[in-house]
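J.: Below are the chains, spelled out letter by letter.
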Amino acid sequence: GAGVSQTPSNKVTEKGKYVELRCDPISGHTALYWYRQSLGQGPEFLIYFQGTGAADDSGLPNDRFFAVRPEGSVSTLKIQRTERGDSAVYLCASSTGDETQYFGPGTRLLVL
Amino acid sequence: AQKVTQAQTEISVVEKEDVTLDCVYETRDTTYYLFWYKQPPSGELVFLIRRNSFDEQNEISGRYSWNFQKSTSSFNFTITASQVVDSAVYFCALSEARRGGNKLTFGTGTQLKVEL
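The listed protein sequences derive, respectively, from chains A and B. Throughout the first sequence, residue numbering follows our numbering, covering 1 to 112 in sequence. Throughout the second sequence, residue numbering follows our numbering, covering 1 to 116 in sequence.
The set of hints was computed from the structure by calculation and includes no laboratory data. One or more hints might be untrue.
Each computed DSS-like pair below joins lysine-lysine, with the alpha-carbon atoms no more than 30 Å apart [stated by the list, open to error]:
#, chain 1, residue 1, chain 2, residue 2
1, B, K3, A, K78
2, B, K38, A, K11
3, B, K3, B, K38
4, B, K38, B, K70
5, B, K113, B, K38
6, B, K113, B, K3
7, A, K78, A, K15
8, B, K70, B, K3
9, B, K38, A, K78
A partial selection of chain B residues facing chain A, derived with a Cβ cut-off under 10 Å [as the list claims (entries may be wrong)]:
#, residue
10, V4
11, S12
12, Y33
13, G43
14, F68
15, L104
16, G109
17, K113
To give an idea of the chain B side of the interface with chain A (calculated C-beta under 10 Å), a few residues [said to hold, decoys possible]:
#, residue
18, Q6
19, V46
20, S95
21, E96
22, T105
For each residue, glycine too, the CB sits at the ideal point set by N, CA and C.
Generate the whole structure from the sequences, applying the supplied hints.
T.: See the structure below:
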């Protein structure tokens, strides 16, 4: 079956701009996670959704970051006033709640 | 706080050699899960294994095997008869159940290079 998909695969933007990153989870997966991976590091947790609600947003670095999942399926990660330090690979994962998370290919964000 | 340590930054082996990737974790939870993921050059994280904290039985899957020892807080991964296709970054991760969900804490990864 189809895995987790993320769009765009690459995004280049200028400092100060607004960006949206999209994640389409595996069909039927109620849990959705966002992680951020900087070069040479492991992924770091950002936010977790169970259904439509953000159950844990403790990993969001500041209030420029926001995510939604209005219908309990597709999720959008939104970054306002981007900074060069936001450059990273943003990974999305989904699960059925049985503990195993399946990851998408990621969106590579570059802020110039 | 949860922590995962992968002390080996990079390992190079010749094809057909066996190689072990180390993982040491810290947690105060009594119930937790441990994972290994593979990240090939394409970038997508590929799930390899999940282990429950109550199950210390070692596991073998083809050329892959995992050794979980709670006494030393380690969850090591061995590839037998390595192949060039095994070249990737391997991440060990620990799940934490807080406010629902199971956010993963990852190590910094081990870059494995398998050469002919």
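J.: Could you grab the alpha-carbon distance between K3 of chain B and K38 of chain B and see if it respects the 30 Å cut-off?
T.: Given pair K3 of chain B, K38 of chain B holds - Cα atoms ~19 Å apart, limit 30 Å.
J.: Run the distance test for K78 of chain A versus K15 of chain A: straight-line Cα separation, threshold 30 Å.
T.: Given that 30 Å is the threshold and the Cα spacing comes to 14 Å, the pair holds.
J.: Are K113 of chain B and K38 of chain B close enough, with their CA atoms no more than 30 Å apart?
T.: holds, 13 Å
J.: Do the numbers back the hint for L104 of chain B, that is, is its least Cβ distance to chain A under 10 Å?
T.: This hint holds: L104 of chain B lies near chain A, its Cβ roughly 6 Å from the closest one there, short of 10 Å.
J.: Close enough to count: is the Cβ of G109 of chain B nearer than 10 Å to one in chain A?
T.: holds, 5 Å
J.: Mind checking the CB of V46 of chain B against every CB in chain A and telling me if the closest is under 10 Å?
T.: holds, 8 Å
J.: Taking only the CA atoms, is the gap from K113 of chain B to K3 of chain B under or equal to 30 Å?
T.: holds, 25 Å
J.: Does K78 of chain A lie within 30 Å of K3 of chain B when you go C-alpha to C-alpha?
T.: Status holds; Cα separation ~28 Å.
J.: Does the nearest C-beta of chain A fall within a distance shorter than 10 Å of the C-beta of T105 of chain B?
T.: Holds. Min distance 7 Å.
J.: Classify the hint on G43 of chain B as holds or violated, based on whether any CB of chain A lies nearer than 10 Å to its CB.
T.: At 6 Å from the nearest chain A Cβ, G43 of chain B passes the 10 Å test, so the hint holds.
J.: K38 of chain B and K78 of chain A were given as a pair; does the straight-line alpha-carbon distance stay at or below 30 Å?
T.: Given pair K38 of chain B, K78 of chain A holds - Cα atoms ~27 Å apart, limit 30 Å.
J.: A closest beta-carbon separation below 10 Å is what the hint needs, so does Y33 of chain B meet it against chain A?
T.: holds, 5 Å
Taken one by one, the earlier hints fail for this structure at numbers 11, 14 and 17, listed in ascending order.
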